[in-house]
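Asks: The primary structure of each chain is shown beneath.
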Amino acid sequence: MTTTLATARTAPRDPLARYWSRNRLEPYALVLPAMAILAIFFAGPALYNIALSFQQLSLFDLGREGKWVGFDNFVEVLTDPATGHALFNTALPLTIVTVAVRLALGLGLALLLNASVFRRWKLGWLVRSLVLIPWVTPPVVAVAAWKWLLDARYGVVNQLLVGLGIIQQGIPFLAKTNTVWGAVETMLIWRELPFVVITFLAALQSIPSDLREAARMDGASELQIQTRVVLPLLRPVTAVIVMLTTIWTFNNFVYVWLATRGGPGDYTQVLATQMYTASFVDYRMGSGAAIGVVMSVIMFAFALIYFLVVFRERDGVR
Amino acid sequence: MSVDVGTSPSARFAKDLAVVVIGLALLLLLAFPFLWVVIISFRPDSEIFTRTFRLITTITTDNYAKLLSGSPFPTYLRNSFFVCITATFFAVVIALVAAYGFSRYRRFRLRQVLLVLVICTQLFPFVILITPLYAMFFSLGLVNNFLSLIVSYIAINLPFAIYLLLGYLDTIPVELDEAARIDGASTLQVIFRVILPVAWPGVVTVAVYAFVAAWDEFLFALTLMTSDENKTVPVGLASFFGEYTTQWNLVMTASVITTLPTLILFMLLQKKLVSDLTAGSVKQ
Amino acid sequence: MKLFRAWHGLALASTVITTLALAGAASAQDKVQLTFRQFDPPTEIGGLVTAVDAWNASHPNIQVKLETMGGGDTLAQLAREVPAGAGPDVQQMAFVWTRDLARSKLVLDLDPLIAADPPGAGIGDFLATDLATLDGKIYGLPWSADTFSMAYRPDLLAAAGIKSFPDSWDDLATASKALTDTAKGQYGFCFPAGSAPDGGMWILANYYLWSNGKTLLEETSPGVWKLGVTAADIAGAMTYFNAYFANGLTPDSLITVNSWGDPELVGGLGRGDCAITFFPPQTFRAAQGQSEQPLLTAPIPKGSVKRISHLGGRALGINANTKHPKEAWEFVRYLVGPETFKTYNQYPAQKSLLASLNFPAAEQGYVDMLPLAQTFERYISSPLQVSTMTALINREFGAVYSGQRSPDEAAANVIKELEDGLKAAAKG
Chain A
381 MTTTLATART APRDPLARYW SRNRLEPYAL VLPAMAILAI FFAGPALYNI ALSFQQLSLF
441 DLGREGKWVG FDNFVEVLTD PATGHALFNT ALPLTIVTVA VRLALGLGLA LLLNASVFRR
501 WKLGWLVRSL VLIPWVTPPV VAVAAWKWLL DARYGVVNQL LVGLGIIQQG IPFLAKTNTV
561 WGAVETMLIW RELPFVVITF LAALQSIPSD LREAARMDGA SELQIQTRVV LPLLRPVTAV
621 IVMLTTIWTF NNFVYVWLAT RGGPGDYTQV LATQMYTASF VDYRMGSGAA IGVVMSVIMF
681 AFALIYFLVV FRERDGVR
Chain B
995 MSVDVGTSPS ARFAKDLAVV VIGLALLLLL AFPFLWVVII SFRPDSEIFT RTFRLITTIT
1055 TDNYAKLLSG SPFPTYLRNS FFVCITATFF AVVIALVAAY GFSRYRRFRL RQVLLVLVIC
1115 TQLFPFVILI TPLYAMFFSL GLVNNFLSLI VSYIAINLPF AIYLLLGYLD TIPVELDEAA
1175 RIDGASTLQV IFRVILPVAW PGVVTVAVYA FVAAWDEFLF ALTLMTSDEN KTVPVGLASF
1235 FGEYTTQWNL VMTASVITTL PTLILFMLLQ KKLVSDLTAG SVKQ
Chain C
657 MKLFRAWHGL ALASTVITTL ALAGAASAQD KVQLTFRQFD PPTEIGGLVT AVDAWNASHP
717 NIQVKLETMG GGDTLAQLAR EVPAGAGPDV QQMAFVWTRD LARSKLVLDL DPLIAADPPG
777 AGIGDFLATD LATLDGKIYG LPWSADTFSM AYRPDLLAAA GIKSFPDSWD DLATASKALT
837 DTAKGQYGFC FPAGSAPDGG MWILANYYLW SNGKTLLEET SPGVWKLGVT AADIAGAMTY
897 FNAYFANGLT PDSLITVNSW GDPELVGGLG RGDCAITFFP PQTFRAAQGQ SEQPLLTAPI
957 PKGSVKRISH LGGRALGINA NTKHPKEAWE FVRYLVGPET FKTYNQYPAQ KSLLASLNFP
1017 AAEQGYVDML PLAQTFERYI SSPLQVSTMT ALINREFGAV YSGQRSPDEA AANVIKELED
1077 GLKAAAKG
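Residue numbers (this note's numbering), protein chains in the order written: chain A, 381 to 698; chain B, 995 to 1278; chain C, 657 to 1084.
Calculated directly from the structure, the hints in this document are not laboratory data. All C-beta atoms, glycine included, are put in the ideal place defined by N, C-alpha and C. Since no wrong hints were added, every one of them can be taken at face value.
With beta-carbon atoms standing in for the labels, derived distance ranges:
1) 431(A) / 703(C): 42 to 48 Å
2) 888(C) / 461(A): 20 to 26 Å
3) 721(C) / 1101(B): 53 to 59 Å
4) 431(A) / 1080(C): 19 to 25 Å
5) 547(A) / 993(C): 56 to 62 Å
6) 899(C) / 1018(B): 47 to 53 Å
7) 839(C) / 461(A): 41 to 47 Å
8) 902(C) / 461(A): 23 to 29 Å
9) 409(A) / 1012(B): 50 to 56 Å
10) 1032(B) / 841(C): 23 to 29 Å
11) 549(A) / 833(C): 16 to 22 Å
12) 548(A) / 721(C): 54 to 60 Å
13) 419(A) / 721(C): 32 to 38 Å
14) 1262(B) / 948(C): 41 to 47 Å
Take these sequences, add in the hints, and give me the full structure.
Replies: Next comes the structure, spelled out in structure tokens:
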């Protein structure tokens, strides 16, 4: 971290130190309302979920206590070959691929749209509104629209590809094992990209312009300004984006469910759809909860490692 | 991106134009699937499917007429706006205060623990959490009461709002606070009078995200609002998908009707955002 | 302290909101207010709304509020609501849900109500009461009934020189060959082949197996359940339906189509994409509405043993929590009465009403199939969940269509999972 801003911030490490020593309880007061709401809303249900994972209980008996079965549900889930398949699908095609692509496309688009010309020509609002379009489209409609666009006979994508002579006959993208993940990823990335773009854009726009000016005065080229000044300043936001999108996508259920229901066959089955199936198709709430706990543990490990590596380093607490 | 002192005005204009054209083209490509939904919403049932690419077929506004008169959709829209705006407002205010605490007080004892706990709330899948939450809200007498949905949407949005705002606040120099403190400002004054204007783009971004997340939320709305006059838009949309038939053109029309007001709201907000920005940051 | 004052303001604001909300919720109640929840889309229930309105007009002391909740979510919602003490007073249920809800006492035992005030022409007049019965007691009153029949474009069959509708599964395959014209984009037989846990392949696969004298599960002696199929039987069914894809008699895109109500199928007949498909009555009517050419129905093809379809439909249940079981029952009796079916466009689940119904000529296929239709009772009494079996069949058939597994591999999976399920049930 050698940027001007970072040095400026770390040098007199806590200008607030004196104020802070007089008001030791203030940070607690500041975070208390948020923490209270989160505790009320999440703590009980999360514990309930954990308790459920040790029981055998039908969907229809939710009001009662189930039969306590120890780790049976976990043994069953972890020895089921379908779990490995679903875990791989969740990790690689669903999460890693789409997070990486969103990050790359999102950053590129944000840098382009941050060009001062959009501001000078008073187009900023138009640009940001257009970016938002996929995001304000409800997922159920987004997936339905994409299913049409990708339809073998009636889909615009195939009609254009056939019209241009690239392919002879329409491809049923969602029906073929070699194209189905690409299709699902396209839908997910399309709808979720705006979050990344907008978040980067906001971060870019809160970078004080005198920083760039200063670099420019020092004779830095445009590319150097982007890579040496702008990108390092985006690190905190990038850290947050990667963590949030990873967790959200890993737990995401809607896109795969609406697009393929885990099919064709079980080709696109992910942990979230497996959990849904266990709970609401097989009516076995305990197994579903166990899958949920397994997912939570995996993401907890990810978040913890990520937190220790990214956030502590940033805080300089090493 | 820069004011290249050495280049001629015409060269600069050409470069600007290229950036704008490329940018807008990419955005139109991005918006195309939605534009397609708009086009379909103006088609009659029989022409939803065409074998060859046709942008425009018979144009009809029947779908809109069907949806806006004699359907509860306008009520759903009103409910959604009320719940989402209220929840967004409270979520952003509460999150901003908390994020300020986390950002400026880096060494209070529980900081790391609490930050990890905030993330932990994102780990559990909602399909399972919803059952105990339903029981909780029912015992409080809040089922079919907008308050339960508002509280839920505040809670759902807090974790990411805190984290994103933390990211933004960290980029704002502490010296700003210090200056205000010397002038005798209280903490809340610092947050809302000093930090908020500077962090405005970030705050708007978080607000937009919170709004969209609430606007699209389905499971809580379905579970907590069962009576027809309390329903929100996503639940209304889902009811068009039946076992025997799905009303595709109505689904498409409904989604245009639900998306456009949101877009227009954002456009107005964005315009405001731009003027604040130009005032604040482009002092070249 | 300023911080404190601001929180005070916030707290005050939220108190005001709470008070307002509570004030809105409380309202005077001198008359009985019932909630009736159904799950068909708003566009399909115009006739039902009329019937409920008519009830409210003539029963000022028992007002009924109609609630709609999408079909896929209703069951889970009930499972959340009823144990918490909530839920609608009267609930529309799929036939296959009743026993699950009854076993956990989420719906009321109707026997005392039936004894006091018999519905329609007596409970014996109702169809499919077997599905609604648990331990000799009735928990749901059958309301509407339906089955599937084949639906087709007579003009396309005539153009291909097919004189009469194919009578057996083999005839259907042969006819489909004659009806397929890829240049025109016309396919012989279209069906929902998707892998969704609730997809339509389950129905078709069972029709095929049943008509050939097989069944997934059977009770060989009371309480003893065995598989009624071999891996070869399942693989045979898979091979039969997969041949439609392999020979290009049905479009590959149907591998992703889960519901018979999908626009590819509903609109497919009208557009001439498909010459033949299969539908329940409501969907057939929707397809008629979208087709400029006339559509007809015909019986399901027969197999080596018989011709068969399944009897499905909806029942009405009363919430175990209701404070007004008498009034709810009165309303249920009204819903199954002839007045309701004058405006509610469904087949009534009562023999006498069905007999007096005037079926349109185009719906002859249903008239032919209704007497041959069998409920899923056999599966519902088994230790396995019908929804689990449905998911299994759809997934493994889908795996064959998409080329992930051979019919033999997929059939082996089906057999193994059914056997594992029976074993697990026998153990605990």
